[in-house]
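Student: What follows is the residue order along each chain.
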Amino acid sequence: MNLGDSKWPLVRQLLGTDYLGLGKASQSNNSTKLRPRTEEADKVVPSICPYCAVGCGQKIYVKNGEVTQIEGDPDSPISRGRLCPKGSATKQLVTGSSREYKVKYRPPYAKKWQELDLDQAMDMIADRVIETRNETWQEQGEDGSPLHRTMGIASLGGATLDNEENYLMKKLYSGLGIVQVENQARI
Amino acid sequence: MAECHPVGFQWVMEAKARGAKVIHIDPRFTRTSAVSDLHVPIRAGSDIVFLGAIANYILSNGKEFRDYVVNYTNASVIVGDDFQDTEDLDGLFSGWDEQGCRYDPQSWQYKGTEVPASAGNREVKGASGGETHGAHGGKLSTEEPPETDPTLEDPRCVFQILKRHFSRYTPEMVQEMCGISRELFLEVAQALVENSGRERTSAFCYAVGWTQHTVGVQYIRTAAIIQLLLGNIGRPGGGIMALRGHASIQGSTDIPTLYDLLPGYIPMPHGEKYSLEDFIKENQANSGFWYYMPDYLISLLKAYWGKAATKDNDFCFDYLPRITGDHSTYQSIMGMIDGWVKGFFVIGENPAVGSGNSKLNRKALTHLDWLVVRDFVEIETAAFWYNSPEVQDGQIKSEDIGTEVFFLPAAAHTEKDGSFTNTQRLLQWHHKALEPKGDARSDLWFYYRLGEIIRQKLKDSTDPKDRAIKELAWEYPKEGLHGDPSAEAILREINGYDAEGKTLSSYTELKDDGSTTCGCWIYSGCFGNDENKPAKRVPGRDQNWVASDWGWAWPANRRILYNRASADPEGKPWSARKAYVWWDEQKSEWSGYDEADFGKTTPPSYRPKEGTKGAEAISGTEPFIMQADGRGWLFVPNGLRDGPLPTHYEPQASPFDNSLYSQQANPVRQVFYRKGNKYNPTFGEEGQGAFPFVMTTYRLTEHHTAGGMSRFLPYLSELQPSFFCEISPELAQLRGIKNGDWATIISMNASIEARVLVTDRLAPLKIQGKDLHQVGLPYHWGTEGLSKGDSANDLFALALDPNVHIQEVKAATCDIRPGRRDKGKALWNLINNKDNSVANDSIEDK
Amino acid sequence: MKLTTSDPSKVAGWNTNQPRMGFFTDTSICIGCKACEVACKEWNQVPEDGLNFLGSSYDNTGSLSANSWRHVAFIEQKTQSQKQLSDGIKDSGVRWLMSSDVCKHCTSAACLEVCPTGALFRTEFGTVVVQSDVCNGCGYCVSACPFGVIDQRRGDGRVWKCTLCYDRLKGGLEPACAKACPTKSIQFGELDDLRVAARKRLEVLEASGETKAQLYGDDEKDGVGGFGAFFLLLDEPQVYGLPPDPISATNDISSEWKSAGKAALALLGSILLTVGIKK
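Residue numbers (the working numbering), protein chains in the order written: chain Y, 899 to 1085; chain U, 283 to 1128; chain D, 54 to 332.
Because the hints were derived from the structure by calculation, they are not lab data. Certain hints may be false.
Once the Cα atoms are required to be at most 20 Å apart in a straight line, the calculated EDC-like pairs of lysine to aspartate or glutamate come out as [as the list claims (entries may be wrong)]:
| hint | chain 1 | residue 1 | chain 2 | residue 2 |
| --- | --- | --- | --- | --- |
| 1 | U | K741 | Y | E998 |
| 2 | U | K747 | Y | E1037 |
| 3 | Y | K961 | U | E717 |
| 4 | Y | K957 | U | D824 |
| 5 | Y | K1010 | U | D675 |
| 6 | D | K223 | Y | D1017 |
| 7 | U | K739 | Y | E1029 |
| 8 | U | K719 | Y | E1033 |
| 9 | U | K303 | D | E259 |
| 10 | Y | K941 | U | E717 |
| 11 | U | K1020 | U | E898 |
| 12 | Y | K1000 | U | D1104 |
| 13 | U | K741 | Y | E1029 |
| 14 | Y | K1010 | U | D651 |
| 15 | U | K1020 | D | D209 |
| 16 | U | K739 | Y | D1025 |
| 17 | U | K818 | Y | D973 |
| 18 | Y | K1010 | U | D682 |
| 19 | U | K719 | Y | E1029 |
| 20 | U | K739 | Y | D1021 |
| 21 | U | K752 | Y | E998 |
| 22 | U | K747 | Y | E1033 |
| 23 | U | K298 | D | D272 |
| 24 | U | K739 | Y | E938 |
Remember, predicted model here, so these are calculated numbers, not experimental data.
My request is simple: use the sequences and hints to build the entire structure.
Tutor: As structure tokens, then:
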């Protein structure tokens, strides 16, 4: 055994090459073993930054079902691995403590949120849509022209979503006769 | 651009290092200005004067790229004899209907043509350009303009009309109206002209600083005119780049969550007794790619209603709901207050902070029966009922708000498959990395599941109105822990497939007989051969600079639109330096670095025969294949509500007279005189002096739009922890405000408080001989999250562009005072006092 | 031109062929986006540093600290060359300097030399790193640093600073800040190469009339033997809040020898202390 590699710093300093004890001899066990945590990822998933419309490439590192790092994808001809402060904060966006994971429900005139089961919430929302649609349905205009719609329901959002999501939204709304569909694109 | 799109800005920095000149025009000296060659401070709201003066500079000095202009634009077209310009009518165009506050575009037509039926009828119904034509511009009643003058000398040709129209947009006018010296203006104009032509191109980049005006569309039009005159469209290094702020804001326009459009810019049908055939007749063009509109529409109807859509029932065309005018979000929120909108879905958006007159938006929420908010965090739009500024100030109590609120946590992009379309029309796939936790779900899951439940509940309904939802094609394979519908299966439907279920490789394969299905024709090809092309990731370094094998751009993976214009009429590159696509005589096809945005084998020499339709009706020298005449439109004969040419009008609220015309503001802007939407008096109105300063809103690098994705993050919040305003040392001294202190910004609509940055970066300007101070307001803040503050959008009463209904929040008037705003009653008293001071025509006018 | 960057890792006992690695921060192309600050924090899991509005241009970080290992300074200047144009109208007359500050990873690093526990050490890359599993929070290094970089974390007591992403370097990756930097204002690489690039860049700027442009920390004869993380500034260092002539208390290489005995004794002491506690 080379005593210069001893686990004891003093021994390393006195018998190794780091006579000053400022470098190799002082390297701690942790430092010796240190590796980038991305090397331990179970998988690396290619992705796209969710903030603005530049569309920078991202790599998502996942270990044990948790995101351990998100950084730029050097392969992207758009971003070449770089990210702005928002893109660089993406891990905090998706894992941060402000994120909500439970449905919250506020009955009319209530002063506090209540808990609500997701399935029940979905069922209630479906009932609200059906009821409002029934109440506000316009089959024809005053001049007899076809309308086939409800003006009782509006929707706002889409610019932060996927194309496929926008597609299903517009398709469902069109099927339900909801025309007041808008998003950030002209706001 | 450095502020809001730093990573995109790397290319500007690289170009600069290679000798490009970077000019930044902005009321504020920003992080972009800091690294630009030239910063030009401008009065917010005066850009058409500036841009119009550049157009004038080009035209009056003969600096246009003549070969490009004559061949590729409508410069040579003779306009009808009835057309009268703002030059003739002091700020109005011919066709003005004073009573109806609208234009009849009949007199704007090319000589010898008429307004296509669709345009005129729709205008009567109060719909706008976009609603009548999708987003593909106006129609023409003939394929080719009947009369042209290639010498561009006929006084009635577009080129000469343009010349006259912009003649009063002089450097002197720029100085008077924009606060930019003659010399500085000329420096910009010369730089632009010298860097355009055969050998060189210049690009414009803009964001909502140009669009959020009552003349927003015409701002962009003015830039388009400049770029067409200089030959900077369809060529590498040219163009007008919209820098969009949300990951898929382009996608949500292409596959629209917008009221007036169907996927692929097909217009929504209007409430009229017409059949599929009538609709097609009105919206199909004879020439160009809109001739194939029936293929696109019927394939879409097949995607929506599947087997139920047959030739016999007009492919369920009657199932589509009809629009009857402007149904944009501001109409909806007023509908909430007026009681006819009862339910509201808010999906990844935060109108309580981000929409114009955010205060009115919050008020609207209190009037709803029910509200569904889907987001990562509890944004202001979800918390309005217990923590809005109005609740905090005691103006309204929680127990008096009857809105039932459902907050549903959303899955992040890491937790779902899907594609974003970036600002350059590039589709890029993001792969699911892990399952969302708890109740968090993708929006795909939410809408699919909601549809399933509603259809289940209505399955026994015999009500005819339920047929459209019952027969909707709503079967998708499910996957993952939560049974998300497969995003790839949906992309496949968007791409389209034939009767055998085989994916289509291009929109040119679409048919109008019901044998093809396609959810969005412009995206057709993105899933050709069952390959997910948005997921393609050949590293940039392994490709040429166009990088066609990274993601997929619509249409047909073309990276620069109208790139036929990168070659001269004979098909040769304008110059070796700027070669992009060109006609290859040997192969008899267009070749180059990119896919040609043109008939692959249509030679430059091709001339259509009389009566030819569709793509074949576009000659080999007409690059603008989506336009009915294949030309770039300097002059827009129809499709716009506020005129065929851009004209400077002052903002809704301005401290200045319009020096150009008697017409002060855009005559067809949308305004709403109602409670909760109070306009500041403008120039010439009593009390204007109470609001002597101009305010403008903007974003910061450290935050994202209305803050839902940034103010809740410690690492971003600490970088910009507080709402602040920016003012000049001169204004600070005038009002007795100190750096770092609080100040209150006041409009008729609201009063808000902000910390203060006193900075030379917001220099006072000299306008019409008077000092003008501008107040800068980043708009990200609200009551929730880690970094909190008042919402700048509270200050702005809604005044909208008439074409697209975007709100004017980039220029209005205000006052600013030292100290924090009053709370509760005192706040309302302050605004009421302002009201009184307006009535008394305050002496604040400096 | 072959530069002769002294390689402190050799003195520190690393007999490897690993060249000295470092940062060159070219402030002339910094856009002040602060991606470096965030990328650093995300990678190194550095805590949030307080939500304080400082009223100091766009800088709300204030300074480097235990919880901010990159700090972008914003300096607003009225320019000398303010163009006076007609009618009293002038151009902005403003210059906005931005610079991402970081630990300098000095060739002669006082922090390292005064550290009694061996918590601070010189890595094989020539960088200076605090080892959190060794640091006992004595704070000697804090006053030794001529730049005020090293700082104790409240509630923790230990000192924290830029490691030049030691863990990433060991895996062949570049530091998080340099990777994220949108304009490559922060460049990472072999110090010799960076110095060549920096001098070329300086020539370009000088030729374009940037009369005050200068390299900061490029001179091996300076008070700390040159920086492992050096800068191209557009004005005097003090304009950016940087000391114009930083001096290490023990600035020649022999001093490292002199301190050897002390360090060895301190190491011995800490071992004995540990043993003592264990018993």
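Student: For every hint, state whether the structure bears it out.
Tutor: Against the structure, the hints come out as follows:
A distance of roughly 34 Å separates the Cα atoms of K741(U) and E998(Y); the hinted pair therefore is violated under the 20 Å criterion. For the proposed pair K747(U) and E1037(Y), the alpha carbon gap of about 8 Å is at most 20 Å, so the pair holds. For a cut-off of 20 Å, the pair hint linking K961(Y) to E717(U) stands: about 13 Å separates their Cα positions. Annotation: proposed proximity of K957(Y) to D824(U) holds, straight-line Cα distance about 19 Å (limit 20 Å).
At roughly 18 Å between alpha-carbon atoms, K1010(Y) and D675(U) fall within 20 Å of each other, so this suggested pair holds. The hinted pair formed by K223(D) and D1017(Y) fails the criterion: a straight-line CA distance of about 49 Å is larger than 20 Å. Distance hint between K739(U) and E1029(Y) is fulfilled; the C-alpha atoms sit about 11 Å from each other, no more than 20 Å. At roughly 36 Å between alpha-carbon atoms, K719(U) and E1033(Y) are farther apart than 20 Å, so this suggested pair is violated.
For the hint linking K303(U) to E259(D), the alpha-carbon distance of about 18 Å falls within 20 Å, and the restraint holds. Only pairs whose Cα atoms come within 20 Å are accepted, and K941(Y) paired with E717(U) is accepted, the gap being roughly 14 Å. Distance restraint check for K1020(U) and E898(U): the Cα-Cα separation of roughly 67 Å exceeds the 20 Å cut-off, and the hinted pair is therefore not satisfied. With a C-alpha separation of about 37 Å, the suggested pairing of K1000(Y) with D1104(U) is violated against the 20 Å cut-off.
Proposed proximity of K741(U) and E1029(Y) is supported: the alpha carbons are some 15 Å apart, at most 20 Å. Restraint check: the Cα-Cα separation between K1010(Y) and D651(U) comes to about 17 Å, which is no more than 20 Å; the hinted pair holds. A hinted pair counts as satisfied when its Cα atoms are at most 20 Å apart, and K1020(U) with D209(D) does not qualify at roughly 37 Å. Only pairs whose Cα atoms come within 20 Å are accepted, and K739(U) paired with D1025(Y) is accepted, the gap being roughly 9 Å.
Of the pairs offered as hints, the one joining K818(U) and D973(Y) holds, with about 11 Å between alpha carbons and a cut-off of 20 Å not exceeded. Restraint check for K1010(Y) and D682(U): satisfied, since their Cα atoms lie roughly 13 Å apart, inside the 20 Å limit. Only pairs whose Cα atoms come within 20 Å are accepted, and K719(U) paired with E1029(Y) is rejected, the gap being roughly 31 Å. With a CA separation close to 10 Å, the supplied pair K739(U) and D1021(Y) stays within the 20 Å bound.
Using a Cα cut-off of 20 Å, the hinted pair K752(U) and E998(Y) is violated, with the two alpha carbons roughly 33 Å apart. Annotation: proposed proximity of K747(U) to E1033(Y) holds, straight-line Cα distance about 12 Å (limit 20 Å). Between the alpha carbons of K298(U) and D272(D) the distance comes to roughly 29 Å, so the proposed pair goes past 20 Å and is violated. Between K739(U) and E938(Y) the alpha-carbon distance is near 48 Å, which puts this suggested pair outside the 20 Å criterion.
Hint check: violations occur at hints 1, 6, 8, 11, 12, 15, 19, 21, 23 and 24; the rest are consistent with the structure.
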